[in-house]
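Note that this note's numbering has the sequence shown beginning at 22, numbered continuously upward.
Treat the hints loosely; a few may be bogus.
[What the hints assert, rightly or not] Ranges of calculated distance between the beta carbons of each label pair, as one might list FRET restraints:
(1) Gly-93 x Ala-126: 15 to 25 Å
(2) Cys-131 x Arg-55: 24 to 34 Å
(3) Gly-93 x Gln-113: 27 to 37 Å
(4) Arg-55 x Gly-132: 28 to 38 Å
(5) Gly-132 x Cys-76: 14 to 24 Å
(6) Gln-113 x Arg-57: 12 to 22 Å
(7) Pro-130 x Pro-95: 11 to 21 Å
Just so you know, the hints here were simulated from the structure itself, not pulled from any lab data. Since the model is a prediction, treat every value here as computed from it, not as a measurement. Using N, Cα and C, we set each Cβ at its ideal position, and we do this for glycine too.
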Amino acid sequence: MLLLLPLSLPAQQAVAGPGASGPTVAQLLAACARGRAAGDLGVDAAICDWYAVPCDCAGKRRAERRWCMPAGEPIDAARPEVLAALRKEPRQSRLAISVVPEVMARLYPCGAPAEP
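Please model the complete structure; the sequences and the hints are all you need to start from.
Given below as structure tokens:
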């Protein structure tokens with residue numbers, strides 16, 4: 022069974038290049054705001070979790086990771102910092118999937134000590 026979660030916008034607006042899809046940075050910020058207003062429940066909250074704080078750790082060695090969360094800090098703890106950085110991001114019309122990893126790598130570099 023395939024479950025598709027619709028964005029609160031037309032699909033053609035979410036696509037920013039051939040074969041690429043998902044919300045832009047601006048659309049992600051709007052979805053996160055709607056999700057927060059709904060008590061962090063619903064499709065918009067799920068979109069925010071999925072795109073704003075992706076996990077880059079499953080099955081990857083440290084050298085293959087693009088970012089590393091500090092030891093003992095869950096990935097969800099990064100959401101406020103990532104959203105704050107995205108609000109300042111000048112590339113609001115770029116796909117979030119291309120901008121968020123850069124933001125995460127800047128905020129949580131893998132060269133930081135104390136990461137197992």
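Against the structure, the hints:
1. Range check, Gly-93 to Ala-126: Cβ separation about 20 Å, and the 15 to 25 Å hint holds.
2. The beta-carbon spacing between Cys-131 and Arg-55, approximately 33 Å, falls within the hinted interval of 24 to 34 Å.
3. Range check, Gly-93 to Gln-113: Cβ separation about 33 Å, and the 27 to 37 Å hint holds.
4. Against the hinted window of 28 to 38 Å, the Cβ-Cβ separation of Arg-55 and Gly-132 comes to about 36 Å, which satisfies the hint.
5. Evaluation of the 14 to 24 Å hint for Gly-132 and Cys-76 yields a pass: the beta carbon distance comes to about 19 Å.
6. The hinted range of 12 to 22 Å is satisfied by Gln-113 and Arg-57, whose Cβ atoms lie roughly 19 Å apart.
7. Against the hinted window of 11 to 21 Å, the Cβ-Cβ separation of Pro-130 and Pro-95 comes to about 18 Å, which satisfies the hint.
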